[in-house]
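Q: Next come the chains, spelled out residue by residue.
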Amino acid sequence: MVLSNALVAARRTATSALRRHLSTPAPAASTGMTLNFNLPQETLYSGAAVDSVVVPGAMGEYEVTADHVPIVAELKAGTLTIKAEGGEEKYFVPGGFSLTHEGSTTDIVCPEAVKLDDLDPAAVTANYEAAKARASSAEAGSPDAAEALIEVEVNRAMGGALGLSLA
Amino acid sequence: MTTPTTFWRLAGVSYVQYVTKASSTVRAALKEPAKSKAMAQEAFGYNRSHWTGGEQGGKTKVDALKSVGK
Numbered sequence: 002m003v004l005s006n007a008l009v010a011a012r013r014t015a016t017s018a019l020r021r022h023l024s025t026p027a028p029a030a031s032t033g034m035t036l037n038f039n040l041p042q043e044t045l046y047s048g049a050a051v052d053s054v055v056v057p058g059a060m061g062e063y064e065v066t067a068d069h070v071p072i073v074a075e076l077k078a079g080t081l082t083i084k085a086e087g088g089e090e091k092y093f094v095p096g097g098f099s100l101t102h103e104g105s106t107t108d109i110v111c112p113e114a115v116k117l118d119d120l121d122p123a124a125v126t127a128n129y130e131a132a133k134a135r136a137s138s139a140e141a142g143s144p145d146a147a148e149a150l151i152e153v154e155v156n157r158a159m160g161g162a163l164g165l166s167l168a
Numbered sequence: 004m005t006t007p008t009t010f011w012r013l014a015g016v017s018y019v020q021y022v023t024k025a026s027s028t029v030r031a032a033l034k035e036p037a038k039s040k041a042m043a044q045e046a047f048g049y050n051r052s053h054w055t056g057g058e059q060g061g062k063t064k065v066d067a068l069k070s071v072g073k
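Listed in order, the protein sequences are those of chains A and B. In terms of the working numbering, the first sequence opens at residue 2 and continues consecutively. In terms of the working numbering, the second sequence opens at residue 4 and continues consecutively.
Just chain B, with the same shape it has in the complex (with noise of 0.2 Å):
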């Protein structure tokens, strides 16, 4: 890879998380009908769910990113 030359890539940021932090930076300081509205685009879940033999098992929510795949 070339060279990073943005602070956020240096410090191991990507872009998307980047975009993401700004986006998140401007919908923090907005004023409240249109923040509530805006707010609504941050939430976000997971689902998780196990194949087997090319078959999709079950979903089930996941409360954290740390606790899937053990």
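The shape of chain A in the complex, shown without the other chains (with noise of 0.2 Å):
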């Protein structure tokens, strides 16, 4: 009696760890990523094969690689960095959207995309001084104050990018 329950439970343990249950089986090796990147005035990636992409989500920061599960993202000012075969890109985002699609597709959209190198400390400094002095001189939730605290914003992470300490 006790042997063979003994037997039924050893066959029960061996057939259920062949089949795998509440998981998917693995996909095939994943060929990396697609990543669509575009401006208005500008395609910068167009179906590209790469790594993976680190993307300034408004919620957080996340990276996108192979077989990421869908994910739709507003992004907030900050560093876009494009990781692939040739080394990392790293573009400065005032916004936008990220979205990744099944089949390891991201498409991300941006009102304009910067190189660092392209942006000045000393400017990022003024207007980040400019813009804080106007929207505390300005009227509390007018438009022009909301202005002034984007522009604020805005300064403040380029200062992040670029290794400044505004506060």
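Do not take every clue at face value.
DMTMM-like mimics (lysine to aspartate or glutamate), calculated; alpha carbons at most 25 Å apart, straight line [to be verified]:
hint: 1; chain 1: B; residue 1: 62; chain 2: A; residue 2: 130
hint: 2; chain 1: B; residue 1: 24; chain 2: A; residue 2: 118
hint: 3; chain 1: B; residue 1: 69; chain 2: A; residue 2: 62
hint: 4; chain 1: B; residue 1: 38; chain 2: A; residue 2: 89
hint: 5; chain 1: A; residue 1: 77; chain 2: B; residue 2: 45
hint: 6; chain 1: B; residue 1: 24; chain 2: A; residue 2: 121
hint: 7; chain 1: B; residue 1: 40; chain 2: A; residue 2: 68
hint: 8; chain 1: B; residue 1: 69; chain 2: A; residue 2: 119
hint: 9; chain 1: A; residue 1: 91; chain 2: B; residue 2: 66
hint: 10; chain 1: A; residue 1: 133; chain 2: B; residue 2: 45
hint: 11; chain 1: B; residue 1: 40; chain 2: A; residue 2: 89
hint: 12; chain 1: B; residue 1: 24; chain 2: A; residue 2: 140
hint: 13; chain 1: B; residue 1: 24; chain 2: A; residue 2: 75
hint: 14; chain 1: B; residue 1: 34; chain 2: A; residue 2: 119
hint: 15; chain 1: B; residue 1: 64; chain 2: A; residue 2: 86
hint: 16; chain 1: B; residue 1: 24; chain 2: A; residue 2: 89
hint: 17; chain 1: A; residue 1: 116; chain 2: B; residue 2: 45
hint: 18; chain 1: B; residue 1: 24; chain 2: A; residue 2: 145
hint: 19; chain 1: B; residue 1: 38; chain 2: A; residue 2: 140
hint: 20; chain 1: B; residue 1: 24; chain 2: A; residue 2: 108
hint: 21; chain 1: B; residue 1: 38; chain 2: A; residue 2: 103
hint: 22; chain 1: B; residue 1: 24; chain 2: A; residue 2: 130
hint: 23; chain 1: A; residue 1: 91; chain 2: B; residue 2: 58
hint: 24; chain 1: A; residue 1: 116; chain 2: B; residue 2: 35
hint: 25; chain 1: B; residue 1: 34; chain 2: A; residue 2: 121
hint: 26; chain 1: B; residue 1: 38; chain 2: A; residue 2: 43
hint: 27; chain 1: B; residue 1: 34; chain 2: A; residue 2: 103
hint: 28; chain 1: B; residue 1: 40; chain 2: A; residue 2: 140
hint: 29; chain 1: B; residue 1: 40; chain 2: A; residue 2: 43
hint: 30; chain 1: B; residue 1: 34; chain 2: A; residue 2: 108
hint: 31; chain 1: B; residue 1: 38; chain 2: A; residue 2: 119
hint: 32; chain 1: B; residue 1: 34; chain 2: A; residue 2: 140
hint: 33; chain 1: B; residue 1: 40; chain 2: A; residue 2: 62
hint: 34; chain 1: B; residue 1: 40; chain 2: A; residue 2: 121
hint: 35; chain 1: B; residue 1: 38; chain 2: A; residue 2: 121
hint: 36; chain 1: A; residue 1: 133; chain 2: A; residue 2: 145
hint: 37; chain 1: B; residue 1: 69; chain 2: A; residue 2: 145
hint: 38; chain 1: B; residue 1: 38; chain 2: A; residue 2: 130
Bear in mind the hints are in silico, worked out from the structure with no lab data behind them.
Taking the hints as your guide, dock the two standalone chains into a single complex.
A: And the structure:
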């Protein structure tokens, strides 16, 4: 009785080890991800095979690799890093959207994207201080105050990307 | 509509206005060769035309939005 129970138990574990429940088989070796990165005025990447993209999402920064779960994110002002065979490319973006689809394709659209080398730290600092002054002098809750606060926020983000610490 | 949660929405600024302002801020901080090229993106103008009976009249340039529609 005890021996036959043990044999039944052994057979049951053996078959359940071969059949995986609540999971799907791992896909065949992934070929990497495809990136489409567009601005209204220019296409930066179109159907490009890259290793990964670090996306500055408004809810947090995340890295997209091959077979990433589909995700849609609004972007905040920050650095977008594209990692590919030839190295890393960094762009500073003021905002935009990133859509990652089933099948390792990611579409990123931004109103503007600049290389970090093209940003002038002195201009960022000066604009930041000017915007801060304007924000404090404007009527709280008015569109002018909002515009000044947007400038403060974006300049601070640029400062962060350039290694300046703007308070 | 649901309660606005962002400072710009609360101040009556739309998303498009917000992201356009953010883009201008980035362009304003560029160094020279890239800056002139990017500033071209900021330029905009308006034309107006009057439609009668399904036909578009001639287009004229608009200098200020405030003067249109009067």
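Q: Which of the stated hints cannot be reconciled with the structure, identified by number in ascending sequence?
A: Numbers 1, 3, 7, 8, 9, 15, 16, 19, 21, 23, 27, 28, 30, 32, 33, in rising order.
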